[in-house]
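**Q** In case you want the letters, here they are:
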Amino acid sequence: AQRVTQPEKLLSVFKGAPVELKCNYSYSGSPELFWYVQYSRQRLQLLLRHISRESIKGFTADLNKGETSFHLKKPFAQEEDSAMYYCALREYGNKLVFGAGTILRVKS
Amino acid sequence: DAGVIQSPRHEVTEMGQEVTLRCKPISGHNSLFWYRQTMMRGLELLIYFNNNVPIDDSGMPEDRFSAKMPNASFSTLKIQPSEPRDSAVYFCASSPPGQSNQPQHFGDGTRLSIL
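Listed in order, the protein sequences are those of chains A and B. Be aware that the first sequence starts at -11, since it is given in this note's numbering, and climbs by one per residue. Be aware that the second sequence starts at 143, since it is given in this note's numbering, and climbs by one per residue.
Excised from the complex, chain A in its bound form (with noise of 0.2 Å):
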């Protein structure tokens, strides 16, 4: 089955520091992958996807099928970037498959 895996619940840095989001994945197939956010009291969006080799408020994601993973990086983090993360992968048409997400908390 395919599976995606965040290690991490919690990740706390300071402000400037820099953050990756750890993001493994299984799949036999060519994956598709995407980073959502929801931010205190938001709606669940899309960040970035990795097709479109974007880079959302300073948010990088790169795809590394060696290592099957899919990290989310930031170099200098932000207060207003403490959200919950969530790492997806199409399993098939529409369908995503989600990790358990990753609460992001950057102190001041």
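Among the clues, some could well be false.
[Said to hold, decoys possible] Part of the chain B face toward chain A, derived, beta carbon under 8 Å:
1) 183
2) 184
3) 185
4) 187
5) 190
6) 198
7) 199
8) 233
9) 237
10) 244
11) 246
12) 248
13) 249
[Said to hold, decoys possible] Some chain B residues flagged as far from chain A (calculated, every beta-carbon gap over 12 Å):
14) 154
15) 155
16) 162
17) 169
18) 194
19) 208
20) 211
21) 214
22) 215
23) 218
24) 223
25) 250
26) 256
Bear in mind the hints are in silico, worked out from the structure with no lab data behind them. Glycine included, C-beta positions come from ideal geometry on N, C-alpha and C.
On the provided structure of chain A, position chain B as indicated by the hints.
**A** Positioned in the frame of chain A, the structure of chain B alone reads:
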């Protein structure tokens, strides 16, 4: 656009009672998803509809759970009878037709507490 609309926002009820959660997807979207969010298991897909037809219900935990989509603008998730372990936040999401890489748009969720 109000986005995906879920009701109620909060539900507290006693075990054994029937619970019905409601979802109105974004107009024009043809895929609808029901998810359950818990601290232990994260976000789990319960069921996925495409053009009002259930495509994948492998995530529905047991027969106590059922979901319907009678038309393109409305879906329900029903739990009967409810149990304390069903307590969670239930999200509905929808996505538009087109290529398979369309993002999912989530509602605010229903926070369900079964006493």
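**Q** Could you tell me which of the hints above the structure violates, numbers in ascending order?
**A** Result: hints 7, 25 break, sorted rising.
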